[in-house]
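Next come the chains, spelled out residue by residue.
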Amino acid sequence: MNRGFTFMNRNELVYLAILAAFILVVLPLGLDIFRLNLFGKYLTYAFVAMGLVLCWGMGGILSLGQGVFFGLGGYCMAMFLKLEASTPEATKIQSTPGIPDFMDWNQLTALPWFWEPFHSLPFTLLAIIGVPVILAFIIGVAMFKRRVGGVYFAIITQAIAAILTILIIGRQGYTGGVNGITDLRTLLGWDIRTDEAKYILYFVNAFLLIGALLLAQFIRRCKLGGLLVAMRDQEDRVRFSGYDVANLKIFVFCLAAALSGIGGAMFTLQVGFMSPSFVGIVPSIEMVIFCAVGGRLSLFGAVYGSLLVNWAKTSFSEVFPELWLFAMGGLFIAVVLAFPAGLAGLYKTHLEPRITALLARRGSTSPPDTASMPAGTATKPAE
Amino acid sequence: MFSGYTLGELGSILAMQGFAGLILFSVFVLMALGLAIIFGQMNVINMAHGEFMILGAYVTYLCSLFFQEYLPALFSVSFFVAMILAFIASGALGMFVEWALIRHLYKRPLDTLLATWGLSLVLQQSYRSIFGAREVGVTLPDWLLGAIDLTDFIQIPINGIFVMVLTALITVAVYFLMFRSSWGKQVRAVVQNRVMAGAVGINTERTDRMTFGIGCGIAGVAGSAFTMIGSTGPTAGQLYIVDTFLVVVFGGAASLLGTIASAFTISQAQSTIEFFMSGSMAKVITLLTVVGILMLRPQGLFTLKIRR
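Order-wise, the sequence lines are chains A and B. Per my numbering, the first sequence starts with residue 1, numbered consecutively. Per my numbering, the second sequence starts with residue 384, numbered consecutively.
Next up, chain A with everything else stripped away, as it sits in the complex:
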């Protein structure tokens, strides 16, 4: 690694510009507010997919429980909004005014203790990142310090997703049960259901996403990113070189959890409710497929993958609801068998050389791109 630190090479700057133009200009101008809101929802999944690129694509840790962190972030936001919507005036027909409606339906007479801090917005914002990170940290320490990895880690994270879903559905007095937390209205008195608010939330989400992308890109490019790839391919060598592999894994897993939590909170704000159907095993695996379709090694791919799969899901299930599961299942199989590096891999092997050749023929004299992908990231994961 004798090259200097390059945050983004020229190609990646171009990709970033294209992506920014696409989500900040093209989509808002080209779509009506209903569709734009849908795309905003899809973009919240891109946070999770980017976390998975770092965690799974680079670090080789497949987590099947990202929905847990997405859901925790979303539920934190939803709890704050729900408390704001349940003022004593708004809920005076209940037998206990001032508590959320579903608690009243379940004969609760006082707010549970863990709801209390969510009256405060700063605490909520902290919790959106903090709660997923703390859970990820506990899981990570327990698993990685004991060198549990690979398949076992995937199965255990999946079990955790199952546990959380059952818990949320089972304790409906505290969590809203299977319906989730619905009927969210305002954020600090600002109505989030108007078209104007939806535009603003879309742009907040888009800028957050670009910020997250830059952060992830920074991690990819600094020494940590190189270590992650090295750890994925030759874990023992990294350990014997004196690095604490477990800490690296815990860090990247927590980071992925934090990104998912932010995505979940933005999801709640834009969609207006949160329910266990975004937490469990099925959504968690779907999030992995967003990442796999886009390309498990490419941050940009993760964003496009989330947009594409979700868009396909919405339009397919609108027109042929029965075919959707076939299409989704076929997509899983095709991605794994035929192009494990996803869309980004296809682009890299087929399209990019042609574009470069085309540019070169135009007589551009720019020097060849020396600091392209770090060694290893451009190839398929270790087989």
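If you're looking for bench data, these hints aren't it; they were derived computationally from the structure. Fair warning: there could be bad hints in the mix.
With a straight-line Cα cutoff of 27 Å, these simulated DSS-like cross-link-like pairs (lysine-lysine) come out [stated by the list, open to error]: (1) K198/A with K313/A; (2) K145/A with K490/B; (3) K348/A with K490/B; (4) K41/A with K198/A; (5) K348/A with K223/A.
Start from chain A and add chain B according to the hints.
This is chain B only, laid out in the frame that chain A set:
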């Protein structure tokens, strides 16, 4: 939570719940045996295992319809025919899947997880298109209905006993197949060192296909047994897949004894707690305990003492 019960009542409750747990245990063991072969021996994560089980359940359903319609005289033995057919159907589908999908992925265990998940979605939707979204129930022959009264409190359903005897027989058969037959030796040889196994003349491709097929076939038999205690729907298999994986991992993936012991522990714990709390909380507590123990002892309850 124990207040309000006398000691005798408590004993009966525990016995009854214990017996209910034994039926759950049988389904777990049958599911987990197939999975332990596929996952423990071949290192393939088969997320579609539940769907193979449901295939067996649907075959049993069709078979019982057929016998009711055309051969009512032989209805009492229809269940045995159904089990054999379920084994063949699931096994054949398993061998086909191995040929089309799994054999390309042996070096990428995590990717088998994604691919078989895709397969499970396709199978679920196929069941829904063919059999409808409604759950179906199988009519049992008369001799499987009813219960034996042991005391005033304790009743033991006959189909439960039948399922358990069946489970025991299959477990013994799998044990002999894996550890006492030349075929089992071949399987274990291929798993430990594919290249060397091929060099000494084992047809590794055929061994893989047979192993996967038999694992799935056992899942089909589990489906047959499942029809006695639950109704069959397109997504019923998915409910069991996480539990089954936990059973296999908890027991120590390569150990048959561990699989049985952990299936016993998990099913008994779940059905005993279930009586005192809601079913969902029982499940949460059981799963949390298992995950907690796995964090402390990641290799599972029983491990083979071999050097990796």
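These are the hints, each one checked on the structure:
1. For the suggested pair K198/A and K313/A, the alpha carbons sit about 22 Å apart, so the restraint of at most 27 Å is met.
2. Between K145/A and K490/B, the direct Cα distance comes to roughly 25 Å. Compliance with the 27 Å bound is thereby established for this hinted pair.
3. Taking the CA atoms of K348/A and K490/B, the gap is about 24 Å. The hint holds against a cut of 27 Å.
4. The hinted pair formed by K41/A and K198/A meets the criterion: a straight-line CA distance of about 11 Å does not exceed 27 Å.
5. At roughly 24 Å between alpha-carbon atoms, K348/A and K223/A fall within 27 Å of each other, so this suggested pair holds.
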